[in-house]
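Protein chains in written order, with full-length UniProt numbering: chain L, 1 to 138; chain D, 1 to 138; chain B, 1 to 138; chain X, 1 to 138.
The reader is advised that the hints may include incorrect statements.
In silico lysine-lysine, DSBU-like type, Cα no more than 35 Å apart, as pairs [what the hints assert, rightly or not]:
#1 Lys103(L) <-> Lys23(X)
#2 Lys123(D) <-> Lys123(B)
#3 Lys23(D) <-> Lys23(L)
#4 Lys23(X) <-> Lys23(B)
#5 Lys123(B) <-> Lys23(B)
#6 Lys123(X) <-> Lys23(B)
#7 Lys103(X) <-> Lys123(X)
#8 Lys103(D) <-> Lys103(L)
#9 Lys23(B) <-> Lys100(L)
#10 Lys23(X) <-> Lys123(B)
#11 Lys103(X) <-> Lys23(B)
#12 Lys23(L) <-> Lys103(L)
#13 Lys100(X) <-> Lys100(B)
#14 Lys100(X) <-> Lys123(X)
#15 Lys123(B) <-> Lys100(L)
In short, the hints are calculated from the structure, not lab data.
There are 4 protein chains.
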Amino acid sequence: MTVMTVEQIEHFLDDVFPQHMGKIESVGDMRATMRLTIGHEHLRPGPRVSGPTMMGFADVALYVAILAQIGPEPMAVTSDLNCHFLRAASGEHDIIAHAKLIKLGRRLAVGEVLIVSAADETKPVIHVTASYVLPDKA
Amino acid sequence: MTVMTVEQIEHFLDDVFPQHMGKIESVGDMRATMRLTIGHEHLRPGPRVSGPTMMGFADVALYVAILAQIGPEPMAVTSDLNCHFLRAASGEHDIIAHAKLIKLGRRLAVGEVLIVSAADETKPVIHVTASYVLPDKA
Amino acid sequence: MTVMTVEQIEHFLDDVFPQHMGKIESVGDMRATMRLTIGHEHLRPGPRVSGPTMMGFADVALYVAILAQIGPEPMAVTSDLNCHFLRAASGEHDIIAHAKLIKLGRRLAVGEVLIVSAADETKPVIHVTASYVLPDKA
Amino acid sequence: MTVMTVEQIEHFLDDVFPQHMGKIESVGDMRATMRLTIGHEHLRPGPRVSGPTMMGFADVALYVAILAQIGPEPMAVTSDLNCHFLRAASGEHDIIAHAKLIKLGRRLAVGEVLIVSAADETKPVIHVTASYVLPDKA
């Protein structure tokens with residue numbers, strides 16, 4: 001059901017988006033799981049994981065889920081992103097993003113992401129939904 | 001895990017919010033399922049189910065999921081509601097809302113709802129997330 | 001800057017979407033203002049104006065602002081809609097929607113709407129943002 | 001109408017949130033304007049300003065607008081944040097955030113932000129709305 005492996009997606013991402021956060025743990029039918037090791041640049045006072053870190057990480061995880069379905073397309077563009085902050089994420093633990101595509105249409109993809117802290121994977125720290133405009137087929 | 005039965009919630013809703021849409025099919029731990037029979041007032045041209053109908057129905061389904069957890073509290077107030085429209089829902093079939101609470105805190109609850117058409121329950125027609133301000137405990 | 005008059009848009013709406021709520025008060029460059037007289041079908045207990053009424057009314061007001069710019073196109077489709085509920089709107093007064101397009105691109109339009117009660121036009125009751133997928137040009 | 005000056009807010013922010021992005025240009029009644037000089041850490045390929053940079057910057061600008069109204073309160077917590085990406089922002093120019101509070105209640109504040117590129121201040125690059133849970137008054 002997927003057209004790229006984890007390794008292929010990692011290579012593609014390193015090429016087109018070298019600053020991206022996180023490592024892919026797995027991809028599957030309409031979904032992806034990624035893990036981010038927290039560095040100083042991801043923190044805000046607490047220390048806890050900053051909001052922009054979590055929003056950007058969620059965005060990458062959905063992009064990975066899209067790539068796994070449609071193949072190496074550098075031009076999927078985020079059109080909207082909505083998030084609910086649920087609890088603080090300790091800066092001393094990795095965070096893990098579970099991304100799921102809700103719809104993959106011809107022109108638009110919609111997905112959701114739940115991010116948890118490795119400190120307690122049962123309590124989500126942020127929930128994100130986002131839409132992507134897909135490239136026109138040549 | 002729930003503190004009210006389907007019947008208790010239906011009676012409570014009929015009392016505090018008689019105009020509410022839909023019937024409760026089941027409630028469970030942090031979740032509720034409701035079904036709406038489509039009438040003329042729910043349609044837009046097509047005929048398909050109108051956007052306000054689906055948004056309002058999602059809101060009721062999350063309110064029901066909250067009631068099932070916290071008991072008869074008339075004052076949970078929707079503070080934000082976000083939706084992605086995924087596909088048209090035929091006006092000739094019921095719609096079914098699957099609501100799930102993502103967080104139930106002391107002051108805020110956050111949940112998501114996937115609505116499907118009874119014509120094809122595998123293809124969601126709308127995805128909604130929403131937040132609720134909970135009443136202060138006396 | 002607009003390509004349709006209020007009268008032309010009203011006729012077009014009556015034709016393609018006869019169930020639409022509200023009357024157009026004015027349209028202008030990237031904006032529209034509409035007024036809704038509240039009837040029994042728009043109420044929830046209080047009585048106050050229901051959430052679905054306000055969300056649906058905001059959606060129509062943005063559609064009108066788009067029509068005023070691009071002409072009679074029946075197929076602009078709402079792709080996402082986000083709202084923050086700010087205060088209760090009394091069911092005894094009209095509500096007024098001020099819609100403004102933030103972006104009108106080739107494929108997507110994005111806009112925002114502030115709805116006020118005629119009882120106090122300085123205190124908004126809901127803020128809405130939404131995106132629309134525009135029809136392909138023939 | 002404001003209870004803190006730009007200098008007081010800058011000092012307070014440096015104290016409680018030293019990693020924050022941008023400089024305050026002005027604050028006023030229910031609003032704030034900030035400017036961000038783009039560095040390497042804010043870029044994605046293009047080079048253009050990254051999404052997390054813009055989302056984080058919008059969040060800071062709304063927090064500044066809240067501080068200007070309620071005084072030094074370290075505990076306003078972002079509860080939801082929604083954004084529409086409108087166009088790419090060149091990585092070679094500053095970005096400017098115009099933040100406006102739509103509602104400042106006892107428990108919740110809601111605001112919106114329009115970010116423009118200094119390259120063309122008439123074309124917004126992102127529109128953000130967000131909610132904040134305010135600290136309980138002692």
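Hint check:
1. Lys103(L) <-> Lys23(X): violated, 40 Å
2. Lys123(D) <-> Lys123(B): violated, 40 Å
3. Lys23(D) <-> Lys23(L): violated, 44 Å
4. Lys23(X) <-> Lys23(B): Status violated; Cα separation ~44 Å.
5. Lys123(B) <-> Lys23(B): Between Lys123(B) and Lys23(B) the Cα gap is close to 21 Å, so the pair holds against 35 Å.
6. Lys123(X) <-> Lys23(B): holds, 30 Å
7. Lys103(X) <-> Lys123(X): Roughly 25 Å separates the two Cα atoms, so the pair holds.
8. Lys103(D) <-> Lys103(L): holds, 24 Å
9. Lys23(B) <-> Lys100(L): Between Lys23(B) and Lys100(L) the Cα gap is close to 41 Å, so the pair fails against 35 Å, i.e. violated.
10. Lys23(X) <-> Lys123(B): holds, 30 Å
11. Lys103(X) <-> Lys23(B): holds, 27 Å
12. Lys23(L) <-> Lys103(L): Satisfied, since the Cα-Cα distance of roughly 24 Å is no more than 35 Å.
13. Lys100(X) <-> Lys100(B): The hint holds at about 16 Å.
14. Lys100(X) <-> Lys123(X): Distance of about 18 Å is within 35 Å: holds.
15. Lys123(B) <-> Lys100(L): violated, 39 Å
Of the numbered hints given earlier, the model fails hints 1, 2, 3, 4, 9 and 15; all others are met.
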